[in-house]
Amino acid sequence: MTPPPSAMREHPPASPLPKTPHSPGRLLEPLLRELGEPGRRGFVLPALDVPERAVEELLPPAWIRKDPAPLPEVSERDLVKHFMRLAHLNFSVETNFYPLGSCTMKYNPRVNEEIAALPGFAQIHPHTPEQGAQGTLRLLFELDQMLQQILGMDAVTLQPAAGAHGELTALLMAKAFHESRGHPRHKVVVPDSAHGTNPASASLSGFEVVEVRSNARGRISLSALASAVDEDTAVFMMTNPNTLGLFEPEVLEIASWVHEKGALMYLDGANMNALLGRVRPGDMGFDMVHVNVHKTFSIPHGSGGPGGGPVGVKASLKPFLPAPQVEVRDGLYRLAPAGSLSIGRVRSFYGNVGALVRAYAYIRALGAPGLRRVSEGAILNANYLKALLKDVFPIPVEEACMHEFIATAKALKQTQGIKAMDIAKRLLDYGFYAPTICFPLIVEEALMIEPSETESRQTLEQFADALRKIAQEARENPERVRTAPHRMPVSRLDEVQAAREPNLRW
Amino acid sequence: MDFVPLTDADRQVMLKRIGVASFEELLRAVPSAIPAARMDLPPALSEPELARLAADLASLNATAESHGCFLGAGAYRHFIPSVVRYLTSRGEFLTAYTPYQPEASQGTLQAMYEYQSVLCDLTGMDVANASLYDGATALAEACVLAIKETDRPNLVLAGTVHPEYRQTVRTYLKQTAGKIQELSAVEGTVSVEQAGEWIDSKTAAVVVQVPNRFGCLEPVDDLAELAHKNGALFIVVVNPISLGILPAPGSYGADIVIGEGQPLGTDLQYGGPYLGLFACRQALLRKIPGRIVGMTRDAHGRRGFVLTLQTREQHIRRAKATSNICTNEAMMALAATVYLGALGREGFRDLAVQNLQKARYAFDRLTQLHGVRPLFPPPFFNEFALHMPCDPELLNRRLLEDGFLGGFPLKRWDPDLSSGWLVCVTEVPTRAEIDRFVEAVKRAIR
Chain W
563 MTPPPSAMRE HPPASPLPKT PHSPGRLLEP LLRELGEPGR RGFVLPALDV
613 PERAVEELLP PAWIRKDPAP LPEVSERDLV KHFMRLAHLN FSVETNFYPL
663 GSCTMKYNPR VNEEIAALPG FAQIHPHTPE QGAQGTLRLL FELDQMLQQI
713 LGMDAVTLQP AAGAHGELTA LLMAKAFHES RGHPRHKVVV PDSAHGTNPA
763 SASLSGFEVV EVRSNARGRI SLSALASAVD EDTAVFMMTN PNTLGLFEPE
813 VLEIASWVHE KGALMYLDGA NMNALLGRVR PGDMGFDMVH VNVHKTFSIP
863 HGSGGPGGGP VGVKASLKPF LPAPQVEVRD GLYRLAPAGS LSIGRVRSFY
913 GNVGALVRAY AYIRALGAPG LRRVSEGAIL NANYLKALLK DVFPIPVEEA
963 CMHEFIATAK ALKQTQGIKA MDIAKRLLDY GFYAPTICFP LIVEEALMIE
1013 PSETESRQTL EQFADALRKI AQEARENPER VRTAPHRMPV SRLDEVQAAR
1063 EPNLRW
Chain S
784 MDFVPLTDAD RQVMLKRIGV ASFEELLRAV PSAIPAARMD LPPALSEPEL
834 ARLAADLASL NATAESHGCF LGAGAYRHFI PSVVRYLTSR GEFLTAYTPY
884 QPEASQGTLQ AMYEYQSVLC DLTGMDVANA SLYDGATALA EACVLAIKET
934 DRPNLVLAGT VHPEYRQTVR TYLKQTAGKI QELSAVEGTV SVEQAGEWID
984 SKTAAVVVQV PNRFGCLEPV DDLAELAHKN GALFIVVVNP ISLGILPAPG
1034 SYGADIVIGE GQPLGTDLQY GGPYLGLFAC RQALLRKIPG RIVGMTRDAH
1084 GRRGFVLTLQ TREQHIRRAK ATSNICTNEA MMALAATVYL GALGREGFRD
1134 LAVQNLQKAR YAFDRLTQLH GVRPLFPPPF FNEFALHMPC DPELLNRRLL
1184 EDGFLGGFPL KRWDPDLSSG WLVCVTEVPT RAEIDRFVEA VKRAIR
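Order-wise, the sequence lines are chains W and S. Heads up: the first sequence at position 319 corresponds to 881 in this note's numbering, and the numbers run straight through without jumps. Heads up: the second sequence at position 430 corresponds to 1213 in this note's numbering, and the numbers run straight through without jumps.
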């Protein structure tokens, strides 16, 4: 397939600016600082209207900055042009299919942006007296209740700022839970197919990390688990569907084994999009779960953030939740202080409220039937795309997947020396963002593809056509693929040089 | 409204190609022993219904727009130029993710490089990362770094650091740090004498906030000297707006500068998402938490940007990573970059000076009221603590009815400071508004 010209964006020619000490070559877009001229401004404050006093009267000499911070000096027009030109260098969900596995790059409804920008939500100060914050507090209270329903949990904290922050929060709660029972535990068991944040969070919260091997399907066998989980295990962290996009059919047996050892079951809810409205973590043996509102509940990913990582827990863990929690008393929504067993604060204030407002709007727009259609669409789209691709790139596990699946470029690597990375780069030329590559670590030359439910059948077919064409190119003209991308503003950046001689600022 | 484009005709075509008769066949791996989800959720809403519901909820809030705002204590109301909101709402930035494919993410990568650069400009540090969650978690991460870098167990925190930051440090480090000591406040700042007694060869870091949680300026030179003499890192928590007029912490010996970046172009939003600022000396580079963007060149010699030094990070190093952070606050970092770009060198200084001048004007007027006196003496930047002749919570309730968000009642942090009221004045209120506020306070304390 040749994509329509609109999908193959031609980028503006590089600016003919002089080289700077930092610019070894042609410039795509100058740095903001390079655009500046002393004396230019992009914004001007009103004149000071209170009686002006000498700064020296207001601050001791040692506390007066000698030289202003050397910030760029640009006009508003140049500022907008600069960042618009940068914007045009990005692929995004709004402009491209973005099948980045494990990240659930679904469409981000614009109405949620408008809602979050309402002055009532955007301009409310976190220390506003509770009677002046009833709108936001009520929203947070209701979101908490809705997440309990969706996750099958008894309590929720909305505070964590992202999935990894949710993991940390939950693990600290687990530590406190075991300590409160007079039996501190020191180990967290994590599958080798888990997201890197799992072991990193366990280690940050002071646990010893024990990795268990998964089988070729990324699945955990009871026998492997039996040798890893013991009386010193605090938590087993599981991802279900796992990172190969497969449901763990033994989840109930695993949960009862883990519980028998007195350990807790934690679900990495990164893949919650597959489960929405079908099965709930709380109904399959999990004691704790985080959910990524930027994945499952459509918050835009913001070039890397912000997100939100609320954690749901069973009743036995409720006393350990971080403070504060929203409660309703005498008809007033309030922030309840920490109980004596709370792990304390995991951040300032109460959570990424602006992101939570969007999640609330999304769940209210969909309702229960809508959430079920989300998981249906996610699963159907993934399986359809898998069916379209299976004769192009081998699928290591030939069974129905959930919301995502793994293909492998292992054969092309062996015959043509073409790696998953090369295919990813060539996809960019066709106007598609690349799948997650080289993860999970247990599959060689993995392409981890998650289309999400908001893509149309036609988009999936175009993407499959592009991959088919790339596979053909790899056989007929491997150099073309190995040196891709050819139609992007830059190609194959030197990461070794970047790390060896770090240039991290102007 | 579910944003799912599948039609029944699509479903039929797709199921046939997959080779199954029904959607349920795809769920065979899900054991039937797991009960089907039952969820008691409110009914779905159309966009107009949703918009009305949201507007109704939003209207219940008293905001820094509907009310004159004299409240700070960790979150600050500043004017945000329209270009900041416009550029951060562009879908090309807003709906992209972590730039794993640099060729298709040069916009984000260059913007993050520019963010790291302006943060170094402000703080006088050598390097910065591409954002953490917020000020409190940035401090916790800085303490984690200090303990690893120095291989020492203990922390000495100024008790004048924002309480929520100190609590977050304790939550993060309860399991992994040794002693976490808090220097007491004397007249609004920490005692250098006490610091001298506590800082020793087991201290990993000394943490101080400037301006501190009472708005006061700490004896940073003495503290930096004590920290360094004992081989500890000196960590400084800043309000970034203050750096328009206060010296860069790099000039007085900071090893790590962290801060809450919200004042740089991010809305108040009831406390988040905000922006964790993190900058440090070059020597600590390979222990920094979070994403870092570096400049490099491509296969054709063209300048470009990549995520770099990734072997510090969780997706590579797993349990041995410097931090567990993955998703960060890139949009807030972009907002900060646009904000600082709009203000520029001179504008940023003017902004800080206006904060300083207006806060002092309000301080002078308020302290003339009967029964009102400074809790601590100047100097301060844009926030100051007062002793009030009535309960500050009661005062705030009265002011709220009068159209003002009053200062922060310090007793929420320290029961001892029952009369304490922390007032913040940024560049936003006009002189007339400050005057009206002072009159309202006068009426309320009578």
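Careful, some of the hints might be misleading.
[Unchecked claim] Restricting the straight-line Cα-Cα distance to at most 20 Å, the calculated cross-link-like pairs of lysine to aspartate or glutamate (EDC-like) are: (1) S:K985 with S:D909; (2) W:K880 with W:D754; (3) W:K749 with W:D716; (4) S:K1103 with W:D754; (5) S:K1225 with S:D1174; (6) W:K981 with W:D953; (7) S:K799 with W:E741; (8) S:K962 with S:D1004; (9) W:K876 with S:D909; (10) S:K799 with W:D1027; (11) S:K1103 with S:E970; (12) S:K957 with W:D1027; (13) W:K628 with S:D839; (14) S:K1070 with W:E960; (15) S:K1103 with W:E770; (16) S:K1194 with W:E692; (17) W:K952 with S:E808; (18) W:K628 with S:E932; (19) S:K1194 with S:E965; (20) W:K981 with W:D1027; (21) S:K931 with S:D983; (22) S:K799 with W:E692; (23) S:K1194 with S:D1004; (24) S:K957 with W:E741; (25) S:K1070 with S:D909; (26) W:K628 with S:E965; (27) S:K1103 with W:E773; (28) S:K1012 with S:E980; (29) S:K799 with W:E793; (30) S:K1012 with S:E970; (31) S:K931 with W:D1027; (32) S:K1225 with S:D1147; (33) S:K1070 with W:E1057; (34) S:K799 with W:D953.
Everything labelled a hint here was simulated from the structure, so no lab data went into it. Treat the numbers as computed from the prediction; the structure is a model and nothing was measured.
Against the structure, the hints come out as follows:
1. S:K985 with S:D909: violated (26 Å)
2. W:K880 with W:D754: Distance ~29 Å between W:K880 and W:D754 Cα, so the pair is violated.
3. W:K749 with W:D716: violated (25 Å)
4. S:K1103 with W:D754: Since the Cα atoms of S:K1103 and W:D754 sit roughly 14 Å apart, the hinted pair holds (cutoff 20 Å).
5. S:K1225 with S:D1174: Holds, at about 14 Å.
6. W:K981 with W:D953: Roughly 17 Å separates the two Cα atoms, so the pair holds.
7. S:K799 with W:E741: Outside the cut-off at roughly 54 Å; violated.
8. S:K962 with S:D1004: With a Cα-Cα distance of about 24 Å, the restraint between S:K962 and S:D1004 is violated, given a limit of 20 Å.
9. W:K876 with S:D909: violated (46 Å)
10. S:K799 with W:D1027: Holds: S:K799 and W:D1027 sit about 19 Å apart, inside 20 Å.
11. S:K1103 with S:E970: Between S:K1103 and S:E970 the Cα gap is close to 43 Å, so the pair fails against 20 Å, i.e. violated.
12. S:K957 with W:D1027: The hint is violated at about 53 Å.
13. W:K628 with S:D839: Violated: W:K628 and S:D839 sit about 49 Å apart, past 20 Å.
14. S:K1070 with W:E960: At roughly 42 Å apart (the allowed maximum being 20 Å), W:E960 and S:K1070 break the hint.
15. S:K1103 with W:E770: OK: S:K1103 and W:E770 at ~11 Å, within 20 Å.
16. S:K1194 with W:E692: holds (16 Å)
17. W:K952 with S:E808: holds (19 Å)
18. W:K628 with S:E932: violated (32 Å)
19. S:K1194 with S:E965: holds (18 Å)
20. W:K981 with W:D1027: holds (19 Å)
21. S:K931 with S:D983: holds (17 Å)
22. S:K799 with W:E692: Violated: S:K799 and W:E692 sit about 56 Å apart, past 20 Å.
23. S:K1194 with S:D1004: violated (30 Å)
24. S:K957 with W:E741: Answer holds: S:K957 to W:E741 is near 13 Å, not above 20 Å.
25. S:K1070 with S:D909: Given that 20 Å is the threshold and the Cα spacing comes to 14 Å, the pair holds.
26. W:K628 with S:E965: The given pair, whose Cα atoms are some 32 Å apart, is violated under the 20 Å limit.
27. S:K1103 with W:E773: Within the cut-off at roughly 13 Å; holds.
28. S:K1012 with S:E980: holds (13 Å)
29. S:K799 with W:E793: violated (49 Å)
30. S:K1012 with S:E970: violated (26 Å)
31. S:K931 with W:D1027: violated (50 Å)
32. S:K1225 with S:D1147: Distance ~14 Å between S:K1225 and S:D1147 Cα, so the pair holds.
33. S:K1070 with W:E1057: Judged against 20 Å, a Cα distance of about 18 Å means the pair holds.
34. S:K799 with W:D953: Given pair S:K799, W:D953 holds - Cα atoms ~16 Å apart, limit 20 Å.
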